[in-house]
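Here the protein sequences come in this chain order: A and B. So that you can map any letter, position 104 of the first sequence is 104 in the numbering used here, and since no number is skipped, the others follow by simple counting. So that you can map any letter, position 161 of the second sequence is 161 in the numbering used here, and since no number is skipped, the others follow by simple counting.
No wet-lab data here; the hints were simulated from the structure. Just so you know, these numbers come straight off a predicted model, no measurement behind them. Hints should not be assumed to be uniformly reliable.
Claimed, not checked - Listed below are the simulated BS3-like cross-link pairs for lysine-lysine, each with C-alpha atoms no more than 27 angstroms apart in a straight line: (1) B:Lys521 <-> A:Lys153; (2) B:Lys567 <-> A:Lys168; (3) A:Lys159 <-> A:Lys294; (4) A:Lys159 <-> B:Lys537; (5) B:Lys548 <-> A:Lys362; (6) A:Lys362 <-> B:Lys589; (7) A:Lys136 <-> B:Lys521; (8) B:Lys537 <-> A:Lys136; (9) A:Lys136 <-> B:Lys548.
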Amino acid sequence: MADKKKRRRAASSSDSESDPLHFKSKLKPDSSILQTLTALKSASASSSSSRPASLSSLNLPTAFREVSDLPLSSVQSTIESLALSLAHSILAGHGFSFSVPSRASANQLYVPELDRIVLKDKSSSRPFASVASVRKTTITARILQLIHQLSLKNIHVTKRDLFYTDVKLFQDQSQSDSILDDVSCILGCTRSSLNVVASEKGVVVGRLIFSDNGDMIDCTKMGMGGKAIPPNIDRVADMQSDALFILLVEKDAAYMRLAEDRFYNRFPCIIVTAKGQPDVATRLFLRKMKNELKLPVLALVDSDPYGLKILSVYGCGSKNMSYDSANLTTPDIKWLGVRPSDLDKYKIPEQCRLPMTETDIKTGKDLLEEDFVKKNPGWVEELNLMVKSKQKAEIQALSSFGFQYLTEVYLPLKLQQKDWL
Amino acid sequence: MLCFIFIVESPAEFFADNKNIAGFDNPGKCLYTTVRELVENALDSAEAIAELPVIEITIEEIGRNKFNSMIGLANHERVDEALYDDFETDKAREKRLAKEARFQETQAKNAALGKKVKAPTAFKPTKSREASYYRVTCKDNGRGMPHDDIPNMFGRVLSGTKYGLKQTRGKFGLGAKMALIWSKMSTGLPIEIFSSMKGHTFSSFCRLDIDIHRNIPHIHVHEKRENHERWHGAEIQIVIEGNWTTYRSKILHYMRQMAVITPYAQFLFKFLSESPEYLLFLCLNPIKNMSVRFARRTDIMPPAPLETKYHPSAVDLLLIKRLIAETSKQNLLQFLQHEFVNVGKSHAERLIGEMGPDFSPKMAVKSLTSQQIVRIHQLFRQAKFDDPSGDCLSPAGEYNLRLGIIKELHPDMVATYSGSAQVFEGHPFIVEAGLSLGGKDVKQGLNVFRFANRIPLLFEQGADVVTRTAVKRINWSNYKINQAQDKIGVFVSIVSTKIPFKGTGKEYIGDDISEIASAVKTAIQQCCIQLKSKIVKRIQAREQQERKRSLNKYIPNATSAIYEILKEMSSSHALKRRRYEGKDAELLKQVSTQIVTEGTLREKLAQHVEQVDYEMALEYATQAGVNEEPREDIFIPPLEAEYECTELFSPIFVFRLVA
Chain A
1 MADKKKRRRA ASSSDSESDP LHFKSKLKPD SSILQTLTAL KSASASSSSS RPASLSSLNL
61 PTAFREVSDL PLSSVQSTIE SLALSLAHSI LAGHGFSFSV PSRASANQLY VPELDRIVLK
121 DKSSSRPFAS VASVRKTTIT ARILQLIHQL SLKNIHVTKR DLFYTDVKLF QDQSQSDSIL
181 DDVSCILGCT RSSLNVVASE KGVVVGRLIF SDNGDMIDCT KMGMGGKAIP PNIDRVADMQ
241 SDALFILLVE KDAAYMRLAE DRFYNRFPCI IVTAKGQPDV ATRLFLRKMK NELKLPVLAL
301 VDSDPYGLKI LSVYGCGSKN MSYDSANLTT PDIKWLGVRP SDLDKYKIPE QCRLPMTETD
361 IKTGKDLLEE DFVKKNPGWV EELNLMVKSK QKAEIQALSS FGFQYLTEVY LPLKLQQKDW
421 L
Chain B
1 MLCFIFIVES PAEFFADNKN IAGFDNPGKC LYTTVRELVE NALDSAEAIA ELPVIEITIE
61 EIGRNKFNSM IGLANHERVD EALYDDFETD KAREKRLAKE ARFQETQAKN AALGKKVKAP
121 TAFKPTKSRE ASYYRVTCKD NGRGMPHDDI PNMFGRVLSG TKYGLKQTRG KFGLGAKMAL
181 IWSKMSTGLP IEIFSSMKGH TFSSFCRLDI DIHRNIPHIH VHEKRENHER WHGAEIQIVI
241 EGNWTTYRSK ILHYMRQMAV ITPYAQFLFK FLSESPEYLL FLCLNPIKNM SVRFARRTDI
301 MPPAPLETKY HPSAVDLLLI KRLIAETSKQ NLLQFLQHEF VNVGKSHAER LIGEMGPDFS
361 PKMAVKSLTS QQIVRIHQLF RQAKFDDPSG DCLSPAGEYN LRLGIIKELH PDMVATYSGS
421 AQVFEGHPFI VEAGLSLGGK DVKQGLNVFR FANRIPLLFE QGADVVTRTA VKRINWSNYK
481 INQAQDKIGV FVSIVSTKIP FKGTGKEYIG DDISEIASAV KTAIQQCCIQ LKSKIVKRIQ
541 AREQQERKRS LNKYIPNATS AIYEILKEMS SSHALKRRRY EGKDAELLKQ VSTQIVTEGT
601 LREKLAQHVE QVDYEMALEY ATQAGVNEEP REDIFIPPLE AEYECTELFS PIFVFRLVA
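Chain A extracted, bound-state conformation (with noise of 0.2 angstroms):
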């Protein structure tokens, strides 16, 4: 018994030794955090109402490719109205050919006054008769086909599910993904107007109420694992909320943590993950909440480029996806941690630090001439104390003083501080 005593008093004079600055004792009353937290969400609430400009308004000098969401009725015709000149061509003798808007990275440009990638307006044949070409361009028809039968029926399937109908001519998933996302820039449509949908990644939980499909939803009270994000963001209506701000986290474990720690009711907020990469349901839905509650995000992220990607990807748009980032961005994300100045401000040990391989040095690199890091000077600054240290560090790094540090003593403080870029 003697022992057992002996090493909980070790354990927890231990306790307030991994403490070291003894942060802790730095933390004012949480209502005074909430002060601050309240004047940020006025402060981005009035900035918010200013409508973003809009690509045509620019009046930029090249043509710009971007695509709205289209009736399912609309999404219909146009495939018709294609097939038809399609049927008519062949029947002429001429075959017939696709003009495809070219998604490559020649092809996109970052808009600062935006903020955020958009597609210029490049495209490129794609005829039936040459045997570069032949292959994408039987997939594309027969991805049409499949649109317009769920345009028919309007019904939703899965990206996953399209690649069944026809697994011996599409071979492999990744090859119908990008044909659907060629598709929907031919029709000039978003994603979604499709009905074709990737199944469930993202989940929210916090301080949300809102109801998918007519059902009403209380993020409080979901559980821990909170509420998987719809993947078809028509579903989603009538968002309330009394939260102050939305947390956005990169990984899954951190996310658990904060939920089982109840965060958000400790600080009003909504917590939302998408699990790594952001699938398009995800950032849907945050840009929908930004826009509808006019909520602050803070973004809670590796110490990694990787970490400072997938803030990116929520913040102007992927790539992949350019000719869709007018509805998939939200801009002005807070980036709130881990950053690289973290790890000697919180004294993270070096044990819970790793080195930076060649290729995350790259990145790095890679990612210091992107203007979306540029337009921010807080981020070159950290983004360089990056590549210099060459250490990166996760989330999880902060567990070493507690498991449950991220929520009692981190974050707190971090907000305390106003320490967000």
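Starting from the known structure of chain A, arrange chain B on it as the hints suggest.
Using the frame of chain A, we list chain B on its own:
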């Protein structure tokens, strides 16, 4: 204590104790190394008199009975069978018989079921540890050896390396001596040498072995014989323990690669089995006689490598001391000026001035103290010298390498490249590369052929700079070469006054020398670039043939997709859910009345494909020109005429004056 041993041990003893260094690890490898040493000596000998080499090498198996009679040992019948290792105990016999019975049973069953009966596989006789012996004979048309020098050339191992520096074939400069030591160790039989020099009326015959302990030749016979046919060259016959079965492929690979790098030589390789012909049918696993001829493909020989002096940055302390001991020059200035390359008179004077006040140009070079020599060495390391030129090297030559590859591999495509001389640690080196695609007896994937100073390297391939470069640093797909599927032959020949070998057996060149690694990479890449355009053309030609087929394959899929949409539309059009105008309405009407069916679309699209194919074929034909007739290779053999000629040697050519 160690020192003491080295003083007592003769060089011959040292090599006898450490024979693995020279490539005599096990009987199999001993046979291989003996062959290679003899072949390389023969090539050197023929090249030394600018004679196109003709080399015959014969390996003759010697059975135990024959061997015993050769050494004068009576054959002993086994009395106590159980004493021997290969004795079959009762238990083992039972096991074997049971296995054989089982095998026969399955055979019978298979036969009853009408299945193809497998040829009865040979039951391997229990492995015997008994040694096998071989007589290796190598005959060349080289210079031959002076009659009186023969005993010392074979029977004495000299430990000191040669004065001066030269690109040489051998790795240790031991040649046949090591083989002689091995024969002494394994069989005790002497070596036999016939030799005759050009213009001599006699030939020499010598039978000798080596006294390993005293490092002197032990001569049995040494006599002059008549030489009627005015033959010149050498024939060396040696009996050693070996292992043909395990090293057969290595020896054949060696001969083949040697034929690639020396296409101006003619090789005749023979293996004679011990078992007489009629026994072959009875024997279950016979070792067959074989005879392989590697024909001469060119009579252009690379010039003999020239002897050169050391480059100041290539010497170490010991070497400086040795040069000082051996030099004929009196003072320091002359020593620096004449014993090193790239040191002129004024340069030498500046160097001496830089050495310090203790040095003067006129000081006697032999009186230098150890400290002073260290100072010279230091300065050699720090000072700047011009790079040594590659003139003293004798690369295989792009032309010869190309012919060698074509001759031995018969590839579909070949490219060669010869780099310029570069320098590593004061030694010049030249990298040449060849790249072949396709060919006979070539495996799929990368086949790396490595040559150092014009001899093939066969062992420890994985760590070699050439293998590493070819496997890791060349992006084959850039050049439209499929690393896994195509039959790629990579040939890299490196020549240098000093090849930086790695490993105990000097079997590979390390990957850590960036100068060599980058030169190898450039050479291979240059070959790749040459091949790329040819490959692209070939792919285009293939695409040309397959275009129609690959397009037609997709017609049903594409038309059915479009037709399905049209069908849906026509039904909704008929129900007046949607209105279409003009030709669209007409088309939909045709669809609903079955005037336009999927078959119509298919037909039209097929017509279009046909037309496009025709146009592209026409375009291709105008670009590629008229189809070339398949050409047949013709080789023009040289006239076998005897000329009296005077030869003048230069680093880059041999000038023959025909009288």
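A quick look at each hint next to the structure:
Proximity of Lys521 (chain B) to Lys153 (chain A) is assessed by CA-CA distance (about 60 angstroms); at most 27 angstroms being required, the pair is judged violated. With a C-alpha separation of about 23 angstroms, the suggested pair Lys567 (chain B) and Lys168 (chain A) falls inside the 27 angstroms cut-off, and the hint holds. Distance hint between Lys159 (chain A) and Lys294 (chain A) is unfulfilled; the C-alpha atoms sit about 32 angstroms from each other, more than 27 angstroms. About 40 angstroms separates the Cα atoms of Lys159 (chain A) and Lys537 (chain B), which puts this hinted pair outside 27 angstroms; it is violated.
The hinted pair formed by Lys548 (chain B) and Lys362 (chain A) fails the criterion: a straight-line CA distance of about 45 angstroms is larger than 27 angstroms. At roughly 61 angstroms between alpha-carbon atoms, Lys362 (chain A) and Lys589 (chain B) are farther apart than 27 angstroms, so this suggested pair is violated. A C-alpha spacing of about 37 angstroms is found between Lys136 (chain A) and Lys521 (chain B), which places the hinted pair above 27 angstroms, so the restraint is violated. For the suggested pair Lys537 (chain B) and Lys136 (chain A), the alpha carbons sit about 24 angstroms apart, so the restraint of at most 27 angstroms is met.
Pair hint Lys136 (chain A) plus Lys548 (chain B) holds up; C-alpha atoms about 16 angstroms apart against a cutoff of 27 angstroms.
Hints 1, 3, 4, 5, 6, 7, counting from the list given before, are not met by this structure.
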